[in-house]
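Combine the two chains into a complex, taking the hints into account.
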Amino acid sequence: MTDAPFKPRDLSWHPPAFYQGYRSTHLRAPQQPLLQIPQTVTELTGPVFGQGDLGPLDDDLITNYAATGQTAQGSRIIVHGTLRDEDGRPVPGKLIEVWQANAGGRYRHVNDGYLAPLDDNFGGCGRCLTDTEGRYSFRTILPGPYPWPNGGNDWRPAHIHFSVFGDGFAQRLITQMYFEGDPHIALCPIVQSIPSDDAIDRLVARLDMKRTKPMDIRAYRFDIVLRGRDATVFENQLEGT
Amino acid sequence: MTLKESPSQTAGPYVHIGCAPQTAGLEQRRMGKQLGGLMVPEGTDALTLAITVLDGEDAPVKDALIEIWQAGPDGNYTPTPAFQNWGRQGSDLSTGVALFKTLKPGRNGEHAPHILAWIVARGINLGLTTRLYFPDEDNGGDPVLGLAGARAETLIATKTDTGYAHTIRLQGANETVFFDV
Ligand SMILES: [Fe+2]
Numbered sequence: 021m022t023d024a025p026f027k028p029r030d031l032s033w034h035p036p037a038f039y040q041g042y043r044s045t046h047l048r049a050p051q052q053p054l055l056q057i058p059q060t061v062t063e064l065t066g067p068v069f070g071q072g073d074l075g076p077l078d079d080d081l082i083t084n085y086a087a088t089g090q091t092a093q094g095s096r097i098i099v100h101g102t103l104r105d106e107d108g109r110p111v112p113g114k115l116i117e118v119w120q121a122n123a124g125g126r127y128r129h130v131n132d133g134y135l136a137p138l139d140d141n142f143g144g145c146g147r148c149l150t151d152t153e154g155r156y157s158f159r160t161i162l163p164g165p166y167p168w169p170n171g172g173n174d175w176r177p178a179h180i181h182f183s184v185f186g187d188g189f190a191q192r193l194i195t196q197m198y199f200e201g202d203p204h205i206a207l208c209p210i211v212q213s214i215p216s217d218d219a220i221d222r223l224v225a226r227l228d229m230k231r232t233k234p235m236d237i238r239a240y241r242f243d244i245v246l247r248g249r250d251a252t253v254f255e256n257q258l259e260g261t
Numbered sequence: 007m008t009l010k011e012s013p014s015q016t017a018g019p020y021v022h023i024g025c026a027p028q029t030a031g032l033e034q035r036r037m038g039k040q041l042g043g044l045m046v047p048e049g050t051d052a053l054t055l056a057i058t059v060l061d062g063e064d065a066p067v068k069d070a071l072i073e074i075w076q077a078g079p080d081g082n083y084t085p086t087p088a089f090q091n092w093g094r095q096g097s098d099l100s101t102g103v104a105l106f107k108t109l110k111p112g113r114n115g116e117h118a119p120h121i122l123a124w125i126v127a128r129g130i131n132l133g134l135t136t137r138l139y140f141p142d143e144d145n146g147g148d149p150v151l152g153l154a155g156a157r158a159e160t161l162i163a164t165k166t167d168t169g170y171a172h173t174i175r176l177q178g179a180n181e182t183v184f185f186d187v
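These protein sequence lines map, in sequence, to chains P and Y. All residue numbers for the first sequence refer to the numbering used here, where the first residue is 21 and numbers rise by one. All residue numbers for the second sequence refer to the numbering used here, where the first residue is 7 and numbers rise by one.
Mixed in with the good hints there might be a few duds.
Said to hold, decoys possible - Computed list of lysine-lysine pairs in DSS-like fashion (alpha-carbon distance at most 30 angstroms, straight line):
#1 Y:K39 - Y:K10
#2 Y:K107 - Y:K68
#3 Y:K165 - Y:K107
#4 Y:K10 - P:K27
#5 Y:K10 - Y:K110
#6 Y:K107 - P:K230
Claimed, not checked - To spell it out: a stretch of chain P is covered by chain Y in this simulated footprint if at least three of its residues, at any positions, have a beta carbon under 8 angstroms from a beta carbon of chain Y; those stretches are:
#7 65-76
#8 95-101
#9 140-151
#10 194-201
#11 209-215
#12 228-239
If you're looking for bench data, these hints aren't it; they were derived computationally from the structure. Owing to the predicted nature of the structure, the values given are computational and were not obtained by experimental measurement. The C-beta atom is built at its ideal place from N, Cα and C for all residues, glycine as well.
With the rest of the complex left out, here is chain Y (with noise of 0.2 angstroms):
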């Protein structure tokens, strides 16, 4: 039996609703935990990711969904109890940036440390996947690094004092790399 995907459709401007609560205001209701909020144990010295959306314009999309999954300090994707491999914030309503604590990835063979981030919101048709590598690691010998080219430089954050920040254009003249995985 062959089957097409079904076909993706915006996650609209309302996302929060059902995939970050807290965000659109639903502290109230009778449900389950908010998923994708806490990647280490509160307490943990974390560091702290700012990612940016910008759109056509270079103003901040305050209304997107950001996901990123990456291998732990060990290099591996099995979540332990010090560490969650996926996190899951909304950009913030009014500034825009979305904040994450997470660890440091390990690297991992040829891949040099990298944290895949998907991208949806209102006007984004079908989500959009990326990656972030650190600006102090060995990024040489990087495959996907490699087939990025000139354009590679879209994929790698700037150091802060608090962690790293990162910012994903969505148009112009340095548009990010998307993927086609």
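With the rest of the complex left out, here is chain P (with noise of 0.2 angstroms):
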């Protein structure tokens, strides 16, 4: 199973490499054209990750930065959802990491300058692994809208970074989680590089009051696709085997 290829990445779903509006992928998109290889065991295979690589605070942004009896300031959410296929198949036993600024829209990170103050109870990291059902679920803090050098008045929408891997390299995907609702959504390049709003709105947490403890937490939902295997290859395989 895990020999039959991927389904070809459809490129015009994701952001094109170069857009006029976000400049800093002026000089870094590539030029050429991408070039079309076959898929090898390099691509079909990729590093596989237990609880043993993770420590018991990876998945609570709330406390793992904290000093002892202290949690992170911001108002505290519950991010949750499933890692499928395109095909609809659960993928379960995958790393999740996630980084993302804290309440004030500042990261706590050597390059990042902005005036918002840092919480020293905040770091902004987080990882988790999808359980037999491919689903996955982390404790944080809301994010703050920050910021950015673009050449003009450029502010972020409060989003989560997203780095997620599949069965194989083929699959390895970074994107970025954004909320309900924020008007920053329409306004951002970085954002609306992506070619549809049908594509955009799969990146759009939806706030879910089934998974909301009272008097405690909220929660959100982020659904995750990754690429599906070429069904064809993968009928014929099963028929071998």
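The structure is reproduced here in structure tokens:
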């Protein structure tokens, strides 16, 4: 099953390498078209992670950088969802890594000098594994919007960065999660570099009152999809096994 | 059920917080170990692979994150106590060089020994996949180098005293070959 190739990536669905409104792409976007090559064992395989790779607080950004008895400042949220492939199959046992700014929009990073203060109790880094049904969950605080140098009055919508592993390196994905109702989504060139509103909508998490815990913490739902398998090859291989 | 892949977004300039926390300066975090930093046990006689990413003005990209994925010396993609096939490093924030300690991959069928490299950074909207081959191996007959044709040279690393160095050019006359795979 791991040997069935992945479906071709629909490059017109993803943001183009060069996007006029996102200045950093101008000198970093390749100018030649990508070269199509057949998938080999190199792209069909990838690293495998287990619980032993993680620490007990890795999925709790509210406490994983906090002093004992303290918690991060900000609006407490659970972010959860299911990791599936394009065929709708859950993808279990995969590493999801997240990073984000604090409630004031400041990153704990040597290169971030934004004037909003750091929070002594917030690092902004978390990770978890998807369970047997592809589900993941972590606790954090609502990140703040922040300004960034792009030639104008540019502010990022509140967002959480996601790094996701699949079965094969061809599925490797980095993306960002946004929050429903944020007016900055329509104004942000990084978001708007995604060609269709339909595609942008896949990155917008929804408030989830079912998972929200009364008097404790709100929940947002964010489902993630990785490349699926090529159906014809997949079925042929099944027949052969 | 048919779904569409989640659209990609840039890793941004602060990717290290999530993927290489030591580079971001997050030493005090109460989290598990940094992943991908060690491909061989400490003390192993490994080669140094120095990867530099250059932008369209030949300036080093100093905020990139690079992952490599390769066969072990035995040609297999199965990790052993002596070798992890996956490595991850940030470009040095001041020099732009990403340093990996690794072992040379073995040959796998018709494919010459190679390392997959995946690059994400601010200004890169979809992670870039390329390969790196070795100047001191027989690369003739490798099907991927064959497809790259005249641009195959951009995929060959150079030998150094301690291992290999490789420059990935995002733009320009010698732009590196990136794959849709
Ligand atoms: Fe960000």
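Hints versus structure:
1. Proposed proximity of K39 of chain Y and K10 of chain Y is contradicted: the alpha carbons are some 33 angstroms apart, above 30 angstroms.
2. Between K107 of chain Y and K68 of chain Y the alpha-carbon distance is near 19 angstroms, which keeps this suggested pair within the 30 angstroms criterion.
3. Restraint check for K165 of chain Y and K107 of chain Y: satisfied, since their Cα atoms lie roughly 15 angstroms apart, inside the 30 angstroms limit.
4. A distance of roughly 11 angstroms separates the Cα atoms of K10 of chain Y and K27 of chain P; the hinted pair therefore holds under the 30 angstroms criterion.
5. Annotation: proposed proximity of K10 of chain Y to K110 of chain Y is violated, straight-line Cα distance about 37 angstroms (limit 30 angstroms).
6. Proposed proximity of K107 of chain Y and K230 of chain P is contradicted: the alpha carbons are some 47 angstroms apart, above 30 angstroms.
7. With a cut-off of 8 angstroms between beta carbons, the segment 65-76 of chain P has 8 residues touching chain Y; three or more are needed, and the interface restraint holds.
8. With 0 residues carrying a beta carbon less than 8 angstroms from a beta carbon of chain Y, the segment 95-101 of chain P misses the three-residue requirement, and the given coverage is violated.
9. Here's how the segment 140-151 of chain P fares: 5 of its residues keep a CB closer than 8 angstroms to some CB of chain Y, so the rule of at least three is met and the hint holds.
10. Evaluation of the coverage hint for the segment 194-201 of chain P: fulfilled, as 3 residues show C-beta separations to chain Y shorter than 8 angstroms, against a requirement of three.
11. A count of 4 residues in the segment 209-215 of chain P with a Cβ less than 8 angstroms from any Cβ of chain Y is obtained; the coverage claim is therefore met, three being the minimum.
12. Proximity of the segment 228-239 of chain P to chain Y, defined as three or more residues with a beta carbon under 8 angstroms from a beta carbon of that chain, is not established by the 0 residues found.
Of the hints listed earlier, those the structure fails to meet are numbers 1, 5, 6, 8, 12, in rising order.
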